[in-house]
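Visitor: Single-letter residue listing:
2 protein chains.
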Amino acid sequence: MQARSESIRKQGKRIAFVPTMGFLHEGHCSLLKKGRVLGDDLVLSIFVNPTQFGPGEDYDAYPRDMEKDLQLAEREVVDAVFTPSREELYGSNFQTGIELEKLPNHLCGLSRPSHFQGVALVVTKLFHIVKPHVAIFGEKDYQQLAIIRQMVRDLDFDIQIEGGAIVREKDGLAMSSRNAYLSAEQRKTALCLFQALQKARKAVAQGETDTAKIINDMAFFIQSHPDTEIDYISICDPQTLDSVDRIQKSVLLALAVKVGKTRLIDNMILSP
Amino acid sequence: MQARSESIRKQGKRIAFVPTMGFLHEGHCSLLKKGRVLGDDLVLSIFVNPTQFGPGEDYDAYPRDMEKDLQLAEREVVDAVFTPSREELYGSNFQTGIELEKLPNHLCGLSRPSHFQGVALVVTKLFHIVKPHVAIFGEKDYQQLAIIRQMVRDLDFDIQIEGGAIVREKDGLAMSSRNAYLSAEQRKTALCLFQALQKARKAVAQGETDTAKIINDMAFFIQSHPDTEIDYISICDPQTLDSVDRIQKSVLLALAVKVGKTRLIDNMILSP
Numbered sequence: 021m022q023a024r025s026e027s028i029r030k031q032g033k034r035i036a037f038v039p040t041m042g043f044l045h046e047g048h049c050s051l052l053k054k055g056r057v058l059g060d061d062l063v064l065s066i067f068v069n070p071t072q073f074g075p076g077e078d079y080d081a082y083p084r085d086m087e088k089d090l091q092l093a094e095r096e097v098v099d100a101v102f103t104p105s106r107e108e109l110y111g112s113n114f115q116t117g118i119e120l121e122k123l124p125n126h127l128c129g130l131s132r133p134s135h136f137q138g139v140a141l142v143v144t145k146l147f148h149i150v151k152p153h154v155a156i157f158g159e160k161d162y163q164q165l166a167i168i169r170q171m172v173r174d175l176d177f178d179i180q181i182e183g184g185a186i187v188r189e190k191d192g193l194a195m196s197s198r199n200a201y202l203s204a205e206q207r208k209t210a211l212c213l214f215q216a217l218q219k220a221r222k223a224v225a226q227g228e229t230d231t232a233k234i235i236n237d238m239a240f241f242i243q244s245h246p247d248t249e250i251d252y253i254s255i256c257d258p259q260t261l262d263s264v265d266r267i268q269k270s271v272l273l274a275l276a277v278k279v280g281k282t283r284l285i286d287n288m289i290l291s292p
Numbered sequence: 021m022q023a024r025s026e027s028i029r030k031q032g033k034r035i036a037f038v039p040t041m042g043f044l045h046e047g048h049c050s051l052l053k054k055g056r057v058l059g060d061d062l063v064l065s066i067f068v069n070p071t072q073f074g075p076g077e078d079y080d081a082y083p084r085d086m087e088k089d090l091q092l093a094e095r096e097v098v099d100a101v102f103t104p105s106r107e108e109l110y111g112s113n114f115q116t117g118i119e120l121e122k123l124p125n126h127l128c129g130l131s132r133p134s135h136f137q138g139v140a141l142v143v144t145k146l147f148h149i150v151k152p153h154v155a156i157f158g159e160k161d162y163q164q165l166a167i168i169r170q171m172v173r174d175l176d177f178d179i180q181i182e183g184g185a186i187v188r189e190k191d192g193l194a195m196s197s198r199n200a201y202l203s204a205e206q207r208k209t210a211l212c213l214f215q216a217l218q219k220a221r222k223a224v225a226q227g228e229t230d231t232a233k234i235i236n237d238m239a240f241f242i243q244s245h246p247d248t249e250i251d252y253i254s255i256c257d258p259q260t261l262d263s264v265d266r267i268q269k270s271v272l273l274a275l276a277v278k279v280g281k282t283r284l285i286d287n288m289i290l291s292p
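Quick mapping for you: the protein sequence lines, in order, are chains E and B.
Numbers in the numbering used here are just positions in the first sequence, counted from 1, shifted up by 20.
Numbers in the numbering used here are just positions in the second sequence, counted from 1, shifted up by 20.
For the record, the hints were derived by calculation from the structure and aren't laboratory data.
Possibly wrong hints are sitting among the right ones.
Heads up, the list lumps identical chains together, so a pair's fine if it works in one copy or across two of them.
[As the list claims (entries may be wrong)] Computed list of lysine-lysine pairs in DSSO-like fashion (alpha-carbon distance at most 30 Å, straight line):
{"no.": "1", "residue 1": "K208", "residue 2": "K278"}
{"no.": "2", "residue 1": "K30", "residue 2": "K53"}
{"no.": "3", "residue 1": "K30", "residue 2": "K54"}
{"no.": "4", "residue 1": "K219", "residue 2": "K269"}
Quick caveat: nothing in here was measured; it's all calculated off a predicted structure.
Here chain E stands alone, though its shape is the one from the complex:
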């Protein structure tokens, strides 16, 4: 893969890269479409990265469907699909880690303590292997995107990072590989994340600036649905992810909710 990338770069072509854990959906495809426009050569990686799953999380159960993924890759005119094995990326005596001091201590990082270390590590490795000029990450994983931008700046990666807007089902549920876990009943319930975001957006449009009030109302609404457990609802600074009391400029509204055993996330930028 490194040799291929070197050869592409020497031809003066621009490599666009979309790293994924596979089980592709239209959200991933929108990133690939963006990559197709941004680069002359489009690389997709598919790797369910063990180091970003905590103990008791769903690494083994994470959905996989390589055949369908490769069909979608072909449909999106991907030039190369990189599918390393776990052993290739993490051999014996592996001992290097990457850590950020501040950004992981918010949102998903609080309930998934080593998750973003695993993300930073695998993204660094994939960047060194795929050697992209530009890499595209979905904005559904907002904190992940913020952490990657910070890491790229701090470590002087010569790579442009682009975000791709959240893609939603017709009814508004944010697309996620983990939606595959939901029963028909849970699928209906899962819509409450997006509905709660919309309620908040409406309240802010009507002049509400008190974030405690907004979060309380969202929590009440979500808890009125069966089989839900709120991990967090946060209104925070879009750069630092520090909590905000009053909405005076654009803020990030992000939430994580378990529907049954499935942990779902969603977010939205709110402007006063």
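We have chain E; now place chain B onto it with these hints.
Guide: Here is chain B on its own, set in the frame of chain E:
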């Protein structure tokens, strides 16, 4: 610098890189000579990296002489000298770190707890900026070289790492920018590091395999010199740096000794 490196790489040229903290001596020059042979384009960096100095260490006092360094760079036919400022490399809100689990818990890492994190961090940054095909590091800093090799393997850097043999003064003292700190009297005393290594080599050549015995004899010899304080003397596995009781295959003999306030290191590979 990144733009320059990209352009050189696109020309199909091979970039050789020697990262240093400046105050160059013949040890550095031997690395540059090696780089001159290994690459078409030779890059030297000069940066006294604050993140690899601990509290109370000699960051401020570390010797600097940019004018002489640039003369030596010219003599060694260096193509580019990279001299970033502290602010350029570590801007505000910097928060990313790199850590290795095992290799730093030996030798110099024990008395300089965050030293190798700082080394791994700055080397990663410099690799991303200079984009070398090959990088050359001195074997005097044996543990540093081992850690960089491990990090390059773990993070999939597409960079060949080469070691350069220790260069010694005529009497045997390993060349080091820190030798500049020594008084005339201390300069004489400092030779005891190399002499202790030679004594050990001789003992092993005569069949000694008991590392405790060898280390004891070295310590006794060093302590017989005024103004010395042993940090460590270690006989260990050259790959893992784990201590060895009996010399049955090639081992690393490494030591750190303070002469006055100046901490000096040296090492040698011993074969039974």
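Visitor: Take the hints in turn and mark each one as holding or not.
Guide: Now the hints, each set against the structure:
no. : hint        : in the structure
1   : K208 x K278 : within (13 Å within a copy, 70 Å between copies)
2   : K30 x K53   : both (24 Å within a copy, 27 Å between copies)
3   : K30 x K54   : both (23 Å within a copy, 25 Å between copies)
4   : K219 x K269 : within (18 Å within a copy, 71 Å between copies)
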